[in-house]
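*Asks:* Each chain, letter by letter, is given below.
Number of protein chains: 2
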Amino acid sequence: MNKKVTAAFIIIGNEILSGRTKDQNLNFLATSLNEMGIGLIEVRVVRDIEQEIINAVNELRTKYNYVFTSGGIGPTHDDITAMAIAKAFNTELICDRKARKLLEEHYGSKLNEARLKMAYIPKNSTLLNNPVSSAPGFKTGNVFVMAGVPKIMQSMFLASKEHLETGQKTHSSSISAFIAEGDIALELNKVQNQYDSVEIGSYPFIKDGKLGTSLVFRSTDKSQVRESLKQIKSYLEKIQTTIEKEV
Amino acid sequence: MNKKVTAAFIIIGNEILSGRTKDQNLNFLATSLNEMGIGLIEVRVVRDIEQEIINAVNELRTKYNYVFTSGGIGPTHDDITAMAIAKAFNTELICDRKARKLLEEHYGSKLNEARLKMAYIPKNSTLLNNPVSSAPGFKTGNVFVMAGVPKIMQSMFLASKEHLETGQKTHSSSISAFIAEGDIALELNKVQNQYDSVEIGSYPFIKDGKLGTSLVFRSTDKSQVRESLKQIKSYLEKIQTTIEKEV
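The listed protein sequences correspond, in order, to chains R and X.
Under this note's numbering, the residue at position 210 of the first sequence is numbered 210, and the numbers go up by one with no gaps.
Under this note's numbering, the residue at position 138 of the second sequence is numbered 138, and the numbers go up by one with no gaps.
Mixed in with the good hints there might be a few duds.
Which copy? The list can't say, so a pair holds if one copy fits it or any two copies do.
No more than 27 Å apart at the CA atoms, straight line, and that leaves these computed lysine-lysine pairs for DSS-like [as the list claims (entries may be wrong)]:
| hint | residue 1 | residue 2 |
| --- | --- | --- |
| 1 | 169 | 22 |
| 2 | 63 | 87 |
| 3 | 22 | 151 |
| 4 | 22 | 161 |
| 5 | 101 | 87 |
| 6 | 233 | 22 |
| 7 | 110 | 230 |
| 8 | 22 | 4 |
| 9 | 3 | 222 |
| 10 | 245 | 151 |
| 11 | 110 | 233 |
| 12 | 207 | 151 |
| 13 | 190 | 110 |
| 14 | 22 | 207 |
| 15 | 22 | 245 |
| 16 | 22 | 210 |
To be clear, the hints were calculated from the coordinates, so they are not data collected in a lab.
A quick note: this is a predicted structure, and the numbers were derived from the prediction, not measured.
For reference, chain R alone in the conformation it holds in the complex (with noise of 0.2 Å):
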């Protein structure tokens, strides 16, 4: 099990990048994949404009595994992410007999026109339930759409798992010190090139007013992770820098 399984997610609305609202999907992916061995590779954030949607669908799908989207898969004039992923598709909109009832069963008697618009994805997709609010997500292909309010897309993601292949899993330690970044770069640097399968991260903060600097390894094999840690754990004792915390 050493298969690289990689994905881009596609945030799809003009609230984000109006700054109206605060993106809080992307975090929740990233973390979520990561820890199925799934590599985000590539995100992007589009306006809901059909054409947009499309040609973002059709690059990301032919170069990933995956595609997650986020956004515009409501009842309102605005919601176009299901009509825009049928295009991409070269496919149609179907009304959705699952997805019908499950609405039928929700809304009773308040089901109309607006709603329905809900039942309608792509042919041949699977749905993705979605327990909180009951309008389902859906699989078209490797294209997985979900809805933009974060516990809903949370819930269809936890749908998506049962059809994601898993990777070979990324393992991640990290070590703080109090010292500058530029105090550490060369010693990090000879690291580096020492293991390069291991991916070295680095990156300042500032702790009760002191800097500091957060050394991040990750690598699919552990054993490297654990000894590009410890040399530089080793040096970071010998020139006796203050170690903040070590994860």
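Mind docking chain X on chain R? Use the hints.
*Replies:* Positioned in the frame of chain R, the structure of chain X alone reads:
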């Protein structure tokens, strides 16, 4: 003054894609640009991989008036943005005298080889000063290269402002009411068709256990925003919906 000015934002950083770090810059930039009448049209998050940065920069800088980037301009081995920008513009990195002076003044005898890297910027760039940590961002053509640390990014954006042409301001009003999206959708659709210069967004919310919808009206034509909102408001009052707030 009814010019459309557009922008894209490229967030550079493995730490965002792995879920380790939550992005805090998108919402700041979206809000700031929106206030200046500059439309943020597209956002991408890409890895710390040179070719991926080059591709995103070259695609977006021809499509939009401005491109902003965040991340990857520090002193460590994983800071590769300056080199990627130089290659995207088919030019070379040079040691900028002003940037070097700023670093000398700030670091004194602690200015080592790693920190000096931050004085290297693409030929023919303009510095974006940063009083927080002294190492400057820079502007190459229509691309504004900023740090990833939010406080530093914000100070570099402030320095970018004098280089930005502002566009026609988008006016925005919103009304929130305790009505489900599906119950307002058809009326909303009518209003949208009547006011086609207004972009109407519909966003569900839950407050005190009650379901509601926020309707956002955006247009460069203030009177159209006012009138379309007024029409929806009358409808909401007619069907005796509780209005939660109007902004």
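*Asks:* Now look at each hint and say whether the structure bears it out.
*Replies:* Structure-based check of each hint:
1. 169 - 22: between (29 Å within a copy, 21 Å between copies)
2. 63 - 87: both (18 Å within a copy, 23 Å between copies)
3. 22 - 151: For residue 22 and residue 151, both the intra-copy (14 Å) and inter-copy (18 Å) Cα distances are at most 27 Å.
4. 22 - 161: Both: 25 Å inside a chain and 23 Å across chains, each within 27 Å.
5. 101 - 87: Within one copy only: 25 Å inside, 55 Å across.
6. 233 - 22: between (37 Å within a copy, 26 Å between copies)
7. 110 - 230: between (62 Å within a copy, 26 Å between copies)
8. 22 - 4: Between copies only: 24 Å across, 31 Å inside.
9. 3 - 222: within (16 Å within a copy, 54 Å between copies)
10. 245 - 151: between (32 Å within a copy, 23 Å between copies)
11. 110 - 233: between (63 Å within a copy, 22 Å between copies)
12. 207 - 151: between (32 Å within a copy, 14 Å between copies)
13. 190 - 110: Between. Shortest inter-copy distance 19 Å satisfies the 27 Å Cα cut-off; intra-copy 66 Å does not.
14. 22 - 207: both (25 Å within a copy, 18 Å between copies)
15. 22 - 245: Answer is between; shortest inter-copy Cα gap is 20 Å, intra-copy 30 Å.
16. 22 - 210: between (29 Å within a copy, 22 Å between copies)
In terms of the numbered hints stated before, the structure departs from none.
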